[in-house]
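From the two separate chains plus the hints, produce the assembled complex.
So the sequences go chain by chain: U and S. Those letters in the first sequence? Residues 1 to 615, by the numbering used here. Those letters in the second sequence? Residues 1 to 582, by the numbering used here.
Don't read these hints as lab results, they were simulated from the structure. Keep in mind that the hints are not guaranteed to be accurate.
What the hints assert, rightly or not - Rough simulated footprint, nothing fancy, chain S against chain U, three-plus residues with beta-carbon under 8 Å:
1. 74-88
2. 232-243
3. 314-322
Stated by the list, open to error - Heads up, incomplete: computed chain U residues facing chain S, CB under 10 Å, no partners named:
4. Leu54
5. Leu56
6. Ala257
7. Asp267
8. Leu297
9. Glu387
10. Glu390
11. Thr465
12. Gln519
Glycine included, C-beta positions come from ideal geometry on N, C-alpha and C.
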Amino acid sequence: MSEPAKESKGGKLAPGRQAPGPTPGPPWARKEKPRNFRKALGELFRHIGRYRYLILLGVLLSMTGSVLTTLGPQYLKDMSDEIYRGIDSGMDMQVIGSLAFIIIALYLASVVFNTLEHYIIPATSERIANLLRRELVQKINRLPLNYYDNSSTGDIMSRITHDADTIGDSCGHSISLLLTSITTLVSATVLMFMTNVTLSLVTIIPTVIGFLVMRVITSRSHKYFVAQSRNLGAINGHVEETYYGHDIVRAYNGEEASRERFMEINDALYRSAYTARFISGTLPQLMFFISNLGYVLVCIFGSMLVIQGSITYGVIVAFIVYVRMFSHPLVAITDAVSSMQTLAASSERVFDLLNAPEMEDESSKADLSGKVRGDIEFRDVSFSYIEGHEIIHHFSLKVAAGQKVAIVGPTGAGKTTIVNLLMRFYEVDSGDILIDGVSTRDIRRSRVHEMFSMVLQDAWVFDGTVRENLVFNGDEVSEERIVAACRAVGVHDFISSLPEGYDTPLNETSGLSVGQRQQLMIARAIIRDGPMIIFDEATSSVDTRTEKVIQKAVDDLTDGRTSFFIAHRLSTIRNCDVILVMRDGRIVETGTHEELLAAGGFYSELYNSQFENCD
Amino acid sequence: MGLITKFFRRRDWALTLVGVAFIIAQVFLDIQIPEYMNLITDAFLLNNADRVLSYGSEMVVCAFLSLGASLVVGFILANVSASVGRNIRIELFDRVQSFAVQDINRFSAASLITRSTSDVYQIQTFLARGMQVCIKSPILAVWALSKIWGSAIEWSLIVIVGLVVLLVVMFVTLHFAIPKFKNIQWLTDGVNRSTRENLDGIRVIRAYNAESRQEERFEQANGELLDNNLSAMRYMAPTFPIAQSLMNFITLGIYWAGAGIIASAGSHEQQLLLFSDMIVFTSYATIVLSSLMQFIGIFRMLPRALVGLRRIEEVLATETSVKDGPETEGVEGSEGVVEFRDVSFAYPGSDHDVLEGISFRVERGSTFAVIGSTGSGKTSLVNLITRFYDVTGGQVLVGGRDVRDYNVRALHLRMGYVPQNAIIFSGSVRMNVNYGSGAESRTDEDIRKALRVAQAGFADDLPEGWESHISQHGRNLSGGQKQRVAIARAVCRSPEIYLFDDTFSALDFKTDRALREALRRETAGSTVIIIAQRVGTIMDADTIMVLDNGRIAGIGTHRELLERCEVYRDIARSQLTEEELQ
Chain U
1 MSEPAKESKG GKLAPGRQAP GPTPGPPWAR KEKPRNFRKA LGELFRHIGR YRYLILLGVL
61 LSMTGSVLTT LGPQYLKDMS DEIYRGIDSG MDMQVIGSLA FIIIALYLAS VVFNTLEHYI
121 IPATSERIAN LLRRELVQKI NRLPLNYYDN SSTGDIMSRI THDADTIGDS CGHSISLLLT
181 SITTLVSATV LMFMTNVTLS LVTIIPTVIG FLVMRVITSR SHKYFVAQSR NLGAINGHVE
241 ETYYGHDIVR AYNGEEASRE RFMEINDALY RSAYTARFIS GTLPQLMFFI SNLGYVLVCI
301 FGSMLVIQGS ITYGVIVAFI VYVRMFSHPL VAITDAVSSM QTLAASSERV FDLLNAPEME
361 DESSKADLSG KVRGDIEFRD VSFSYIEGHE IIHHFSLKVA AGQKVAIVGP TGAGKTTIVN
421 LLMRFYEVDS GDILIDGVST RDIRRSRVHE MFSMVLQDAW VFDGTVRENL VFNGDEVSEE
481 RIVAACRAVG VHDFISSLPE GYDTPLNETS GLSVGQRQQL MIARAIIRDG PMIIFDEATS
541 SVDTRTEKVI QKAVDDLTDG RTSFFIAHRL STIRNCDVIL VMRDGRIVET GTHEELLAAG
601 GFYSELYNSQ FENCD
Chain S
1 MGLITKFFRR RDWALTLVGV AFIIAQVFLD IQIPEYMNLI TDAFLLNNAD RVLSYGSEMV
61 VCAFLSLGAS LVVGFILANV SASVGRNIRI ELFDRVQSFA VQDINRFSAA SLITRSTSDV
121 YQIQTFLARG MQVCIKSPIL AVWALSKIWG SAIEWSLIVI VGLVVLLVVM FVTLHFAIPK
181 FKNIQWLTDG VNRSTRENLD GIRVIRAYNA ESRQEERFEQ ANGELLDNNL SAMRYMAPTF
241 PIAQSLMNFI TLGIYWAGAG IIASAGSHEQ QLLLFSDMIV FTSYATIVLS SLMQFIGIFR
301 MLPRALVGLR RIEEVLATET SVKDGPETEG VEGSEGVVEF RDVSFAYPGS DHDVLEGISF
361 RVERGSTFAV IGSTGSGKTS LVNLITRFYD VTGGQVLVGG RDVRDYNVRA LHLRMGYVPQ
421 NAIIFSGSVR MNVNYGSGAE SRTDEDIRKA LRVAQAGFAD DLPEGWESHI SQHGRNLSGG
481 QKQRVAIARA VCRSPEIYLF DDTFSALDFK TDRALREALR RETAGSTVII IAQRVGTIMD
541 ADTIMVLDNG RIAGIGTHRE LLERCEVYRD IARSQLTEEE LQ
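The shape of chain S in the complex, shown without the other chains (with noise of 0.2 Å):
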């Protein structure tokens, strides 16, 4: 719990205590009630039967000001909850928005929603649920008893007796049933993954006959969560009914004993003085214990926020692994120069080096293009200039200055990246295109241009033109078109500096073309760093980079390349006839 409430911010704290105060004003005026019944029959026990209707108004009033008091503090609970919630998405939101690409990928986006939304849903509830029993119940429990004590050892030492066995009850079931509430968690984890995963495979898994193999393997995670909850249940069953025939079984002791205490007290006026005391202490006995009740509910639903707390705790405590440098802009005179200086780069977690001796300069307003087979190394090229990830040695250079000294928006805002997989927002065309910083002093002349060099013409001939609605993950276009919009957003920034890492092989070969034409007439000026896998969409960059397994198997224009490297030619062999290699 001490966790939680580092998310209290200190209009948070305020009202709580606000709130505090109407709970102890709310648990003064519960307790107040039984008093008035001790009151009342005491009057009529002693025949002040005249007392009797001004003390029940009274009784009446309290149980008004209970209402409203509790009122009040529902209300303010309410809201503290939300409150608090609404601070732990914005801490995850924030947190997550400063990942760079590699913190994202250790813990999965997936998992990253999850406990950004459902996750803080959890506790949002607990807390709501949790605060008011949480202060109330021991104020109640403790002032109920407080009335008790001094009255006759017997019966104090019934309510002790019931209070000790009940605690007895609710710690050995805790103990036992807690690790396994914790298991639903990760064990319901297991079940869904082996459902999607026979989703996700239905084909493979028939062409391979393997559906009973599946289920199988199904069965043995959901036979797992059913023995965990049937013992987790098997703990937790006789609970409720103890403790509520608790209840009824300490009224009925204090009874059975106040006959003997009854029995024994002096004077008839003394007796019935002790009678109209039985009737109230049982009140308050059932106070006592129906607060301890209540808690026992809430510690129900504790494993399931802690977990969830956990896993947003897991997620706070992870620092960005890509630190901000100070400068802003690049050495004068280098604009758009990207250079690499003997680099080599390992992902995380991993010995093995993905680049090895990478060095190479990329001059202002020219194209570079890279080449290479899979796992050779393209894309983490392409990472560590967008300090996605940091390299591991030598240098990565943007505009004369090392990547890691900048501040990181200030190197963003020189790029246009467009990633192999477009990514669309939803929301309308323009807001697509033009996106991200800047985005209010661009024109509807930047956006048009954009668009006709990204040769994404579609826009206009949508119903409502550059306003349609694209919805989530673009479901309303089609590949190729999500993709020029994605180009389109790229120059619609009019960068120093294009990555377009494997965008164009998601286009036919006429539009791959018409669109690297009219790159190279409309952006002028501009560095372009392509990565492709078709030779014919590289082959007329000014400088061709050739990765074989994170080394640099060769450098240089197409015909140089054709002559000198080995690999470079069976690619271009694998693609090309002859009369067109020439």
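Same shape as in the complex, but just chain U (with noise of 0.2 Å):
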């Protein structure tokens, strides 16, 4: 029967992101409804392609190895009363042994088939899943950026593995177990009815009373799985909070409270886990029991039968066999069912991702490959994250080849959003973006990434060593380069003294500091030396020592190059040709540092703020 949570392959866990399910619970231990069970299933199979007709060539060979296999009682029947026979009037060894070869062949084809089976099944499944994985991954790479904003990354990653990974689970296997149980069940039935109609009424009807029975247990435990479920969700959580809290908990001493609700939620989990198990524990019980009753109820009635003469003893030999095979297959194709569900639930996940709407295809754009001077206008931009709510207003500005432009404001006044419309990580609404006089829709968005320098705020390292972080995605890049870029930024030092220098894998648990990171980061954009520069907040974590350091490379980098600087620290943009204030998606304010402070407006407003508690 099939387990209250579905085991995954481990080490799914999404830490600190949950992603948003119908039913409480880690994704591991979820048990999902689709919405719409025939289009999600009806779309999965059209989507694999050729691996359907492997699906379907795997079904066939089941079927038919069920079907020889229902075969066998029948000649294992004669034989025995051919035996049976023979105690009166001797052995017929010859007509036994042809029987014996007849029931051979059927078994040793069935063990072909179901070999076959075996590994075309799994293995085409295995093949899709890993097919989804892939399109999944460059799907993320083909998304507008707003998707992401929409949504937590702990859903997508979920979807792309733990819900690919159901696919590729259960999508060949259930398809399989349900319509080779339903053969067998046929095909059993039939050779049965065929056979004797008494017995076969003895071997059904118990089976089918049990398989009812245990229909009931289940629509009545539902609540059970659905409070482990909830339970482990809980105890998920808590467990999260605790480790990533770690050091408070122990500086405050909070370990017993901690415990005490770790306690309560663990027997509580205790309790629903134990009743769950119970519960889906008693059905193959019950199975197995239906099976007992049925070889019994064959024996006694077949006896009976045999007694009055209205059956020879070789069927009940075969009615034994039946009784085996009969009890397994309705289990089974309960079992299909609702692997079934969990697959069209899966689907459905995994292809609201895949038909997400993608970005623009741009094969046919121009790749505009020039020399780049670097003339940037904004013409009337306007932008929205959501439709309805405008933040920016349109928005113009022209800046010269070579200028320095330093964008300032509160939160939310849109600066990020002007550097994520100038690299096209998201498309204006209206207006138009020009770069030396070209429209940014008119080039590739790539050739677009392709002239910039950019550092994020977010300093993403990936897993690779420092030089591969630090060449990122490079041509070969010489050695002093690599060096010079990272002096440049105070980092070489540090680099130097890490077990394997520049060679040293970084990871999660590297402890590079958050500045460090930045470093990096920076260090990266000088190696990549693109005709343009941005920085958005790309050295919030930097102390202002260090970021005195860096403002030398910085100002060396973006010598003749048109740069954009975010920045919150005032001090680190004061000698930028241009300082837009922003408010409210609008420019307030423009000029120089000097200008902006003696016209005492937002811009003085900002930078006195930082001071106003000096003595």
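Next comes the structure, spelled out in structure tokens:
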């Protein structure tokens, strides 16, 4: 019978970001219902292309195999009758031998068919999972960024890993199981009725009754599985927050309170887990009992029929085998149906992502490659992340090649949005952005990206060495250039102190501070050497002294290149050519640092608030 | 398996024993059923038809009793597995709670969470299914075999050959497939890591046009996983069909051989008895093989559970690296004094000293500030006071006593620690502010004062005031609000020593200033240690220590340092204008 919670391959927990699902509980202990069962499965099977023929082949093989298996008892019956007859009239070993060969042939054929099926189906499912994972990852690179503004990383992760795996585990299996079980059931029923009606009823009736009892138990016990799932979710949440907050728990001696809460949830989980487990464990026992009962009834009724002389002894032999054959498929069918529910739910979630609208295809656009001068113009640009909530209103700006532009303003003023639009991370609603007089809409997105060395606020390092992180997606870069860039941002000494220098692998636990990561990101931008520069809060976690070192490197880098700076710390942008002061999606002031201070407007207010507490 | 049993407590053992007793009873009944078939067959073959019904009804009783026994077994084993899961979870939780910060970092919090939740769940599921099979199958197989034993030698031989074939198939398959199953775990981790990397770095990847590079990296992990799983499946594919057909082949073999045996028997009556033996014999042979097949099924689940168990063992084998001392009180008269004596410190596994030759003394009730560049060792310094880490050289004294001599809880009782990233627990505002030891004895007045000092007036304006629910990681609060709640938490304890580790940089200048003024007013007598990046935050501290590359670059007041300390002057200049410096 189906498990209360499907096991996954482990390690799929997305800490900190739980996917919002219809049922509570972590993804590895979740059971879901699809919105539209038929549509979801239809879409899956259309999508997997040639793989569906392999699945079909597997299913056919397995169906043939099960028909062959159900034929076996027929010959076994003849064989035992032959033996029984032999007791009175002497064994005809030749007839017995030829019957035995037929049975051997039947069984051997079914072994071959079943083995093929046991390879084809799971291997195909695995390939399907592999295909879906690949498509999903390619998809995340083609989705517009606003998709990520509206959904959590944990949720997307769980679609690519958990849901793709679920499809891999069950897509071939559940269909094959369903069809094979039905075949066995039908074929066995037909053959049984052809052999003897009374014994058929004796076999089938208890099985069906038992099956109905199981259904009742399953539906009544749903609430225990929900409770278990909820408690798993609760314990997951509590453990997560206690472990992540470990230093606070310790520093405040909060261990006891936390443990108390933990024990409470753990006890609740224990109670719901064993109830759920007991109920789901009852079902195979029940099935075993039904099969036992069938065996007993076949023996009793069979013997009486033999005594009446209405059947031969061989019929009992055949039915003893049929009893064992019959009880299994009924359970397997329920199993398959519930597993197809999960499958449909997972494929819905996968296709929701795969069918999400993508960024415009740009292969037809010119791959403008000439030299970039760096003139930039925003022409009456308006933009909204969410329809109806415009946050950039008729924004116009001309930047001459080589100018350094700073964008300042309170949180939410739209500073980052401006550079996001410039990078074409998002498309403008109206208006136009031009680089060297060409609308960025007419330039390939990848080409626009190439024109900028960009440093973002979130310092992203990937699993790889320091060097790989610095050269990221670049061509061959000389050692001198790498070292020079790191020296310039003041991180060379630190890298040299690492166990393997520039070849030290970086990961979650390598102990880089956020500030050091930001230094690496700036070095990465220097190495990239793009014709224009964007710094979005690039030094927010770097202390002011290191920032001074970096400032020098940045001055060298931006010399003669059009550059954009977004910074909270106004001290870092004092020497920019133009400072744009933004508020609520509009430019409210423009000028140099001195001009703006002299004007005594919003900028000077912002600037002075930094120091108002000084003696 | 030997490892799992160490998580069994006495009640689990007792229950398991009762379970085993019921399993034996059930096996006895199951074995009894074909026996009756033998009796029935004998009865009517030998024309004792009237006995058939009475044997039959006894058989039905056996079947029902067996069901009853199996339900009891199911209940007991479900309970034991859930209880063992609970035990493991408790042990893990307690162990992790006892860890020092460095022990947590060794595993990473994310990994510890997986180990405490989904790994335990894997083991629990395995136990629930596996215990029954592991106990029942061998008993059933041996018992059924003993029934077969002593019948015709040909029949026994056939069963033995069948068993050998099954065992060989099992061994070969498992020998080749199990390593592949073990790989699944870490190959899946690789796929997940690569996916997460792509998602987390999506903007950078786009800015650098690195999409196809990331996809290649992902595809490598994805492909490895596929290859591994396909080869595992190749080994596993024949097992089940072969095992299943083996049952059929054995039945066939027994009949075929039976024909000869019966033909060569002496009397007609003997032949009839042999015939009924044959029918029953096949039933027992089926029982033997099917119980072995259930074993195979369990073996497939085993690697996953073992990986989980090993990961759990790893955690439990780790002793906390911070050992408790005996003292609960400081030296009389030195309350609130913090002193460093020639302290040096290197992170475990590194020979690079993050701090070197640090000596200073903070008097009771004074404010001590630390400033320095990224990586200069400021946070490490705080971690030594809270004993998240231990010094590698020298001594840290709190209240006149080495921190290592304290009972850790007693040490923490003196401190109000607020880290850079505000940590908020799910629960009410009240619970977050009035947190940790001594919470029962603190009054509403204490909480009100704490919120006032921390400039967290917003708490009163929440829909349900202090009882308002804060969601996990404080998602429904802004960054500044979280930080203020975290500060209120420290104030609420009225500690001897405040430790603010870069706590104020998340606040705007105005709040920063108001907060520090309130602190000074309301917490007179407490020692305050502030780590900061902004000169504005610390310039009015009693003493400022400038750290540079793990060493002291200067100690003094703002004015003294401006005159004497080059490093401090640099920092100050980069943030303030000339007139502001004066």
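Here's how the hints hold up against the structure:
1. Coverage of the stretch 74-88 of chain U by chain S holds. Counting CB-CB distances below 8 Å, 9 residues qualify, and the rule asks for three or more.
2. Remark: the stretch 232-243 of chain U is confirmed as covered by chain S, as 9 of its residues place a Cβ nearer than 8 Å to a Cβ of that chain, reaching the required three.
3. Taking a C-beta to C-beta cut-off of 8 Å, the stretch 314-322 of chain U contributes 4 residues in contact with chain S, enough for the three needed, and the coverage statement holds.
4. The interface hint given for Leu54/U is broken, as the beta carbon of that residue sits about 13 Å from the closest beta carbon of chain S, more than 10 Å.
5. Taking 10 Å as the C-beta cut-off, the interface hint given for Leu56/U is violated, the closest approach to chain S being about 18 Å.
6. With its C-beta approaching chain S no nearer than about 7 Å, Ala257/U sits inside the 10 Å limit, and its interface hint holds.
7. A hinted interface residue such as Asp267/U counts as satisfied when its beta carbon comes closer than 10 Å to some beta carbon of chain S; here the least separation is about 7 Å, so the hint holds.
8. Against a cut-off of 10 Å between C-beta atoms, the interface hint on Leu297/U holds, since the closest Cβ of chain S lies about 8 Å away.
9. At about 22 Å, the closest approach between the beta carbon of Glu387/U and any beta carbon in chain S exceeds 10 Å, and the interface hint on this residue is violated.
10. Contact between Glu390/U and chain S, as hinted, is not supported at the beta carbon level, the nearest pair being about 22 Å apart and thus beyond 10 Å.
11. The restraint placing Thr465/U at the interface with chain S is violated, with a minimum CB-CB distance near 14 Å, outside the 10 Å limit.
12. Among the interface hints, the one on Gln519/U holds; its C-beta lies about 8 Å from the nearest C-beta in chain S, closer than the 10 Å criterion.
Violated hints, in rising order: 4, 5, 9, 10 and 11; the structure is consistent with all others.
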